[in-house]
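A.B. asks: Take each chain as given, in its own frame, and dock them per the hints.
Chains C and F are the protein sequences, given in the same order. Residue 160 in this note's numbering sits at position 160 of the first sequence, with consecutive numbering throughout. Every number in this note's numbering is 1000 more than the matching position in the second sequence, counting from 1.
Worth double-checking, as some hints may not be accurate.
What the hints assert, rightly or not - Simulated pairs of lysine to aspartate or glutamate, DMTMM-like, Cα-Cα distance not exceeding 20 Å:
id	chain 1	residue 1	chain 2	residue 2
1	F	1032	C	198
2	C	168	F	1040
3	C	199	F	1043
4	C	116	F	1006
5	C	168	F	1043
6	C	169	F	1043
7	C	116	C	127
What the hints assert, rightly or not - Over the 12 Å line for every Cβ pair with chain C, so calculated as not near, a few chain F residues:
id	residue
8	1051
9	1073
10	1083
11	1145
12	1147
13	1156
As the list claims (entries may be wrong) - If you want the footprint, here are the derived chain C segments under chain F, 3+ residues with CB under 8 Å:
id	stretch
14	126-139
15	143-149
16	179-190
17	239-250
18	253-260
19	310-322
20	352-360
Just so you know, these hints were derived from the structure itself, not from any lab. Beta carbons: idealized from backbone N, C-alpha and C, even for Gly.
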Amino acid sequence: MKVFYRPFSCIVVLLLFFMSSTTYAGSASNGETSKEGDPVDTKEEIDAYIRHHLQDSHDFVFYTDGKTNTHYGFPLPVILWDGGLQVFMSSKFHHGETVAEVNGNYYKLYHSKIYKLDGPDDELVIDEAGHPTNPRPLDFSITKSVLGMLLAGLLMVLAFSALARGYKKGPIPTGFARVLEPLVIYVRDEIARPNIGEKKYRKYMGFLLTVFFFIWILNLLGMTPLGFNVTGNIAVTVALAVFTFFIVQFSGNKEYWKHIFWMPGVPVPMKIILMPIEILGMLTKPFSLLIRLFANMTAGHFVVMSLIALMILLKAQFGAVGSTGISLVLTLFITLIELLVAFLQAFIFTMLSALFIGMAVAEHDHH
Amino acid sequence: MDLLHDFSPGLFFMQTIILLILIFLMRKFAWKPILNSLNDREEGIQGALDAAENAKKELQNLQADNERIIKEARAERDSMLKEARVLKESMITEAKDEAQQEANKIVAQAQETIEGEKKAAIAELKQQVAAISIEIAEKVVRKELDNKENQMDLVDSMLGDVTLN
Chain C
1 MKVFYRPFSC IVVLLLFFMS STTYAGSASN GETSKEGDPV DTKEEIDAYI RHHLQDSHDF
61 VFYTDGKTNT HYGFPLPVIL WDGGLQVFMS SKFHHGETVA EVNGNYYKLY HSKIYKLDGP
121 DDELVIDEAG HPTNPRPLDF SITKSVLGML LAGLLMVLAF SALARGYKKG PIPTGFARVL
181 EPLVIYVRDE IARPNIGEKK YRKYMGFLLT VFFFIWILNL LGMTPLGFNV TGNIAVTVAL
241 AVFTFFIVQF SGNKEYWKHI FWMPGVPVPM KIILMPIEIL GMLTKPFSLL IRLFANMTAG
301 HFVVMSLIAL MILLKAQFGA VGSTGISLVL TLFITLIELL VAFLQAFIFT MLSALFIGMA
361 VAEHDHH
Chain F
1001 MDLLHDFSPG LFFMQTIILL ILIFLMRKFA WKPILNSLND REEGIQGALD AAENAKKELQ
1061 NLQADNERII KEARAERDSM LKEARVLKES MITEAKDEAQ QEANKIVAQA QETIEGEKKA
1121 AIAELKQQVA AISIEIAEKV VRKELDNKEN QMDLVDSMLG DVTLN
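For reference, chain F alone in the conformation it holds in the complex (with noise of 0.2 Å):
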């Protein structure tokens, strides 16, 4: 086939001018708008998906955000347990501890008394022994000094003694 032959000019000029006015008519009424419309489209979607994505970190630092503060107050309770108990602990001591003190106060204080009471009461007893003794004594020598004989007698074991003294 003889190509340069069969290329027809006219042919050639009528492609070129039918082709300029379909690029300029395509391009105004189909390819922009298509390609605009397409272009929003997929930003759109791009925009949805971004958002989704963002809300979807934004629930997971919510989340985080929950559990650190449940944590936190976890520990806080934890540390004011720990604190009651140690609160309650000392005071417990320290009530042991004034409880003991008073209680030896007070053992002390008692046993003070009872001394004192003791010695008042054997200071008693003596000077009611001595008393008693006395009287007894008095009876006896009563009884012993009816007759002078007896007197005699006593005044001789007396001096009996004395001199064996």
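Just chain C, with the same shape it has in the complex (with noise of 0.2 Å):
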């Protein structure tokens, strides 16, 4: 119980603290949606903002000044194919506000994408949906997400090669380890184990644990003031969906193919109608997984960002203290709930993985 009660309590504390920072940011101007010096505190930039935040970003502010117009924060390395590999420092988009020009070629960040640019004095053709239709180079760059990808993978490697070093020198795991072991433990007897069968939950557990702890990391990291949101980004969602699609496809027996081709034990008209279903229940569930995560975590970090914004939007009916009385306890009760959806929706990836693949490799032994 002391084990999880220290860090627990850590949490609370530092989201207390950073809750005040990453107001905030809020109450600051991102240079995009509103006017300089002016700050975030209608209806219209607050949501302008948390849309902003949502979605991946091109270098690491952590908070800006509304009034100088000033980013504190530090640029990411920008790496795009286009006709040829492109690599250069995100700091020559200024955020947005400028042309960066690279060998020749010419790019302008919109609300962080890259588009390319015929000149330095061109201008980004904004089609009646609000999105430019300039062409989009593809862009491998080192965002945000990537950043925190590579943040959680080096934690993952770091405190599991430590857990698997802490092995050799006796069988009882010590210190942080002991904490990791009950979670390694779990995710092997409480979702392969059960959903796979004994004979060949082995060789899914490198995918099944990595996933889990990957999608459970970047969610606690998402949490964090850093203002992460990888696991809400679709791009990230469809790759760990395409990952289990394809796992369990790969692993499919000849029972699993006949099921879903040529239904066993139903008439033949029956078994026509069923093929398709089938076929597109083979992309409906991973479909599903990959929504799942996506909106889970998408909607846990709005509700998080606009419960703070009561701060502002209440202030006049409530006064400064009341509206962040109201804000703070809302926004713990959430940060609460969300801290449980971290892991509920790395669980429930990681155990519909584990189903799916399952199915696939169940033997059955009656029709």
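C.D. replies: Right, here's the structure in full:
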């Protein structure tokens, strides 16, 4: 209990501390959506600010001073594939304010996306939907999300290789490894074994454990005021679900394919009707995974930031202290729920992946 | 929110690469050794438990054996005692019978001897009585026949007797 209790209280203290700093950033301008020196204080501005945060970003900004319009943070490397590899630092964009010129190519950052321009004075062409129609070069940049992934990966490698090394000293882990070991056992005994089966689960442990801890750590990183929103990014969840999809298809045995293309035990017309449904089912399973993770994490970030924004929006009705109090209580409450959701979503993704794999490798001894 | 517009192929690619590398690294440096160690440990624990269970069973077997041996020994002792008792009784009866027979024999012999002795004694007594009677008779006759008169009387009486007969 003591081991658990201390980090937990630390997290709460950190949250309280950073919530205030996030609000600080909330009241600042991000240069794009509002006029200089004007704090983010209208509904539209807050909405735009939250949407901006939910997107990936090419630089790492901790805090923006709206009055002087200075961003405190660091730029990240941009790697583009545009008739050749184009590598430069995102500081060239000046947070989207200027056009970056690299090897005779011109790029503009607009709502966290990079568009190609024909010349230094060219302007983006915006269509009715609000999206620029300019071409988008393939963007392999080390964005904030990629940095988050690398950070999560680094944490995982460090923590779990330490746990692995610990076993060389003795069969009982010590220190922090004692917290990690039950988690590994949990994934093995509660997720992999019951769903995939005693005989075959071992082969999929690498994927399941990696995905579980990867998602969980990224979800938790998303709760820190560093502002990562990796698992709330559709490209990331698509990639994760694609992994599950391919692993399921490649591990599918004869029975699995038979159940999809020629369902045993039903009349022939039913077999023909069931075939397209089953083929669709192959795709909807991983699709539900990617949408669930994306929607839950995005919604979580949205709700937490909206509740923080109440501090500003309710100031007129309840005064500074009242609105801060309401916002603090609600945010704390939702943050605790999000802490649970962070684990829950990692668990559900891994659990369902294991379930789908289990369905593909299951041996049917009936029919 | 426009999901298709938000989808970044570059980020998708980066995520795929990072995840592939991460799975590879974690498998090699973390999951394999961790799961192997866990398995080893669990097998060790299971082995120890099994060994303990076996030892317990063996102990129980041993105890059962001991009990069985004790019971057998007790039964053997009982049967030996019983046998001894039977033997003792039979010996006693035998001895009694023998003694009885011997006693009977002795008694019979004694009776025989007594009978013989008695007969001999009676015969002797008879002889002695006869001798004594003759002596007495001799003495009486001698005294009676001291004078003539007496001799005559006697003869007369005797004759009288004879006649009467």
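A.B. asks: Given the hinted pair residue 169 of chain C and residue 1043 of chain F, is their alpha-carbon gap at most 20 Å?
C.D. replies: Holds: residue 169 of chain C and residue 1043 of chain F sit about 18 Å apart, inside 20 Å.
A.B. asks: Can you tell me if the stretch 143-149 of chain C counts as covered by chain F, using C-beta to C-beta distances under 8 Å and a minimum of three residues?
C.D. replies: holds (count 4)
A.B. asks: Per the stated criterion, does the least C-beta distance between residue 1145 of chain F and chain C lie above 12 Å, as a non-interface residue requires?
C.D. replies: holds, 150 Å
A.B. asks: Per the coverage rule (Cβ-Cβ under 8 Å, at least three residues), is the stretch 179-190 of chain C covered by chain F?
C.D. replies: holds (count 4)
A.B. asks: Do three or more residues from the stretch 239-250 of chain C put their C-beta atoms closer than 8 Å to C-beta atoms of chain F?
C.D. replies: holds (count 4)
A.B. asks: Residue 1083 of chain F: least C-beta distance to chain C exceeds 12 Å?
C.D. replies: At roughly 63 Å from the nearest Cβ of chain C, residue 1083 of chain F sits farther out than 12 Å, so the non-interface label holds.
A.B. asks: Is the nearest CB of chain C more than 12 Å from the CB of residue 1156 of chain F?
C.D. replies: At about 155 Å from chain C, residue 1156 of chain F clears the 12 Å cut-off, so the statement holds.
A.B. asks: Within 20 Å, alpha carbon to alpha carbon, are residue 168 of chain C and residue 1040 of chain F?
C.D. replies: holds, 12 Å
A.B. asks: Is the Cα-Cα distance between residue 168 of chain C and residue 1043 of chain F 20 Å or less?
C.D. replies: holds, 16 Å
A.B. asks: Three residues minimum, CB to CB under 8 Å: does the stretch 352-360 of chain C make the cut for coverage by chain F? Let me know.
C.D. replies: That given contact is violated, which follows from only 0 residues of the stretch 352-360 of chain C lying within Cβ reach (below 8 Å) of chain F.
A.B. asks: Say whether it holds or is violated: residue 1051 of chain F keeps its Cβ farther than 12 Å from all Cβ of chain C.
C.D. replies: The assertion about residue 1051 of chain F holds, with a minimum of 16 Å to chain C.
A.B. asks: Using a Cβ cutoff of 8 Å, are there at least 3 residues of the stretch 126-139 of chain C near chain F, or does the coverage claim fail?
C.D. replies: Three-residue rule met by the stretch 126-139 of chain C, so holds; n is 4.
Hints 18, 19 and 20 from the earlier list are contradicted by this structure; the remaining hints agree with it.
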